[in-house]
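Heads up: the sequence lines are chains Y and D, in that order. Counting in our numbering, the first sequence runs without a single skipped number right up to 380 at its last residue. Counting in our numbering, the second sequence runs without a single skipped number right up to 329 at its last residue.
Worth flagging that the hints you see were computed from the coordinates, not collected in a lab. This structure is a prediction, so every number in the text was calculated from the model and none was measured. From the three backbone atoms N, C-alpha and C, an ideal C-beta is built for every residue, glycine too. Errors might be hidden in some of the hints.
[To be verified] Keeping only pairs whose Cα atoms sit at most 30 Å apart, straight-line, the calculated DSS-like set for lysine-lysine is:
{"hint": "1", "chain 1": "Y", "residue 1": "K125", "chain 2": "Y", "residue 2": "K114"}
{"hint": "2", "chain 1": "D", "residue 1": "K226", "chain 2": "Y", "residue 2": "K37"}
{"hint": "3", "chain 1": "Y", "residue 1": "K235", "chain 2": "D", "residue 2": "K40"}
{"hint": "4", "chain 1": "Y", "residue 1": "K34", "chain 2": "D", "residue 2": "K53"}
{"hint": "5", "chain 1": "Y", "residue 1": "K116", "chain 2": "Y", "residue 2": "K128"}
[As the list claims (entries may be wrong)] Far from chain D by the CB rule (all over 10 Å, computed), these chain Y residues:
{"hint": "6", "residue": "F45"}
{"hint": "7", "residue": "F50"}
{"hint": "8", "residue": "F57"}
{"hint": "9", "residue": "W132"}
{"hint": "10", "residue": "I137"}
{"hint": "11", "residue": "G160"}
{"hint": "12", "residue": "L193"}
{"hint": "13", "residue": "G202"}
{"hint": "14", "residue": "C215"}
{"hint": "15", "residue": "R229"}
{"hint": "16", "residue": "F273"}
{"hint": "17", "residue": "F359"}
{"hint": "18", "residue": "D374"}
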Amino acid sequence: MNMLANQRSLRKLLKHPLAVAGFFVLVFFYFIMAFAEFIAPYGFDNSKRDNSFVPPSRIHFVHDGHFSARPLIYPYSYTFNSYAERTYVEDKSKPYYLSFFAKGDKVKLWGIVPISHHLFGVANNPDNCRIYIMGADGVGRDLFTRIVYGSRVSLTIGFFGVAITFLLGFLYGGISGYYGGKLDSALMRFAECFMLIPSFFLMLALRSAFPMKLSSTQVYLLIVVIISFIEWAGLARIIRGMSLSIAKQDFVKAAKALGASDFRIIVRHILPQTLSYAIVAVTLTIPHYILGESALSLIGLGIQDPQASWGNLLSAAMNVSDIQYHPWVLIPGIFIFLSVMAFNFIGDGLRDALDPNR
Amino acid sequence: MRDDLLRRTLIFVPQLLLVTFITFLFINMAPGDILAKYRFDPRISPASVKEIEHKFHFDEPVMVQYGYWLVRLCHGDLGYSFSREASVSSVIVERMGNTLLMSSFALIFTWFIAIPLGIFAAVKQYSWGDRILSFISYFGMSLPGFFLALLLMFGIYSLSNTSFGAAIPIGGMVSPNHDQMTFFGQIWDHILHLILPVIVLTIGALASLQRIARGNMLEELRKQYVTTARAKGLPENQVIYKHALRNAINPLITLFGFSFSELLSGAALLEIIINWPGLGSLMLEAVRSQDTFLVMGSMLMGGIMLIIGNLIADILLVIVDPRVRS
């Protein structure tokens, strides 16, 4: 693709409002993910058991009838109702002021740089009053903090997965389509085996091969491998179709006549022709990984507590009769939804922009 | 044509066997097995555990075990489920019926709503109706089914003070007092329990199918035979519904086979979330308890249902498209 076509595609992409919106949403999410330790007000596993399912903190500007330019919150204190359930009420006796760059938990940014100031938090806080902008979970951890840390899993898993899927799918499909004939049909029949079982069933069966208790890094890698194992076949089939028709074209014959090896022809001449399809497919495949991870973690076979991922956080919402007391546990689902939608929008925009017929 | 169908179906058999073999290897790779609960039970002597092991060939190499499984499969025997203490086939038949009940309703609703909407959007391209539909489709395509299910459950639960919310159950397949109901009461009970899962599955599949139907229809409308039909003075209705529509439908029918697979996958996860006693929740249970034969049986049934879906699509295509017949 030459510069001119690139620029034209880019201009077309910029005219696609949804793609642009999706792009900004993702930039925002990935920015938060990159600086998770700084943006989250607490450490990822900092619990306060007294604050089980505390509702989101209300931010006030008035204390005791006096206006305050600094936002303040009140701590929640609880009483038990007649069903022995905790009911939280704001304890308005003492205000706690919020500030930017407040001192809080000591964490290591990217595991290296030690920091103790966070983007925001409760200033001068000897009583350990917590700010919960999205409420607390069952052991009093800040849900917002958990979501921010959870993005480290949910937003990166797709990229690793896509890397494996595409390496495998492209080589397999490219070889199959280039050689054609018996090898082609044998390879394709084999690939179809993996499309024969409903993907969720295959996912469960593959997960069953490994112990239920694994470290979170192991689970992360396992999920990447499992979903790649399911995804590559469909991709290989499409690339095979494209490669089959490209292999018949003159420039492939010319390369052959010049004595290029088969591998070189596939990698240097055929696969680059499928690039614009690949770019779109990558963007539209990443959501499959986000959803796959969420699904596995949601039913307890994926990332385990205390580590957070969006799916694992949403599993708190599985107990429906309890959600009404703390509906904010549904918030991680909104993040899953928004990131999936953003990738879909960008993929759609790219498809329109890269299509020379439009 | 019949030979072609037969050939394509026969190819599935070795493929399905290969998948079951891989699954078998995987399940046996995992540490521990279903008999662990017997081993730790002081009431059962080690000798009788050994006996069970021997009877079900657990003491032999994996390849041999798979061989025994295949032989039994040829006799129509899927083996014994230790976790449910019943034959695998009896467990699966019951669960598969439940899954099919849910997914077939969803399938019917999806197709009867999505295709007319897609055609409408294509015929009235760039109208307000089309734009609103596009927007909703984008939303629906990205909304994960499990999240929608949780949202709906929460929504219905919060309305449980009203008569509407109280009437719609949010989990399971039957009410606790199902057995005491009259025959029609039981059917009504089933229908009420179906509302939530069918809505979730339909919304999930509806959006993408509507987009595809719209795209196909637009492509057909751009073709020359449509211009010809218009040029020779055919009324617009006939051009759209008699010429373009029939051609636009064909690729969708091929899609039917694939959509069945996605539907089963989505249904499996949904079943787990809403406690629907179907094949998906059975599979999770089997995987958790390492009940090898039950996992194998569920996988096999999942695969067979998919094959049947594809076969139905092929047959429908033959009925609809005269070009395929020759």
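30 Å Cα cutoff - pair K235(Y), K40(D): Holds, at roughly 18 Å.
F50(Y) and chain D, when compared Cβ to Cβ, separated by more than 10 Å: F50(Y) clear of chain D: closest Cβ-Cβ about 17 Å, beyond 10 Å.
Restraint check for K125(Y) with K114(Y), where alpha carbons must lie at most 30 Å apart: Between K125(Y) and K114(Y) the Cα gap is close to 23 Å, so the pair holds against 30 Å.
Outside-interface status for F273(Y) - nearest CB in chain D farther than 10 Å: Non-interface label on F273(Y) holds, nearest chain D Cβ at 29 Å vs cutoff 10 Å.
Outside-interface status for G202(Y) - nearest CB in chain D farther than 10 Å: Given that every Cβ of chain D is farther than 10 Å from that of G202(Y), nearest at about 18 Å, it holds.
Given hint K128(Y) paired with K116(Y) - CA-CA distance at most 30 Å: Holds, at about 26 Å.
L193(Y) and chain D, when compared Cβ to Cβ, separated by more than 10 Å: 20 Å, holds
Hint consistency between K226(D) and K37(Y) [alpha-carbon to alpha-carbon, up to 30 Å]: Judged against 30 Å, a Cα distance of about 27 Å means the pair holds.
F45(Y) non-interfacial with respect to chain D [C-beta, more than 10 Å]: 15 Å, holds
Assertion that D374(Y) lies farther than 10 Å from chain D (Cβ): 12 Å, holds
10 Å cut-off, C-beta based - R229(Y) kept clear of every residue in chain D: The assertion about R229(Y) is violated, with a minimum of 7 Å to chain D.
Claimed clearance of chain D by F359(Y), with the beta carbon kept past 10 Å: Non-interface label fails for F359(Y): nearest chain D Cβ at 6 Å, not farther than 10 Å.
Checked against the numbered hints listed earlier, the structure breaks hints 4, 14, 15, 17; every other hint is satisfied.
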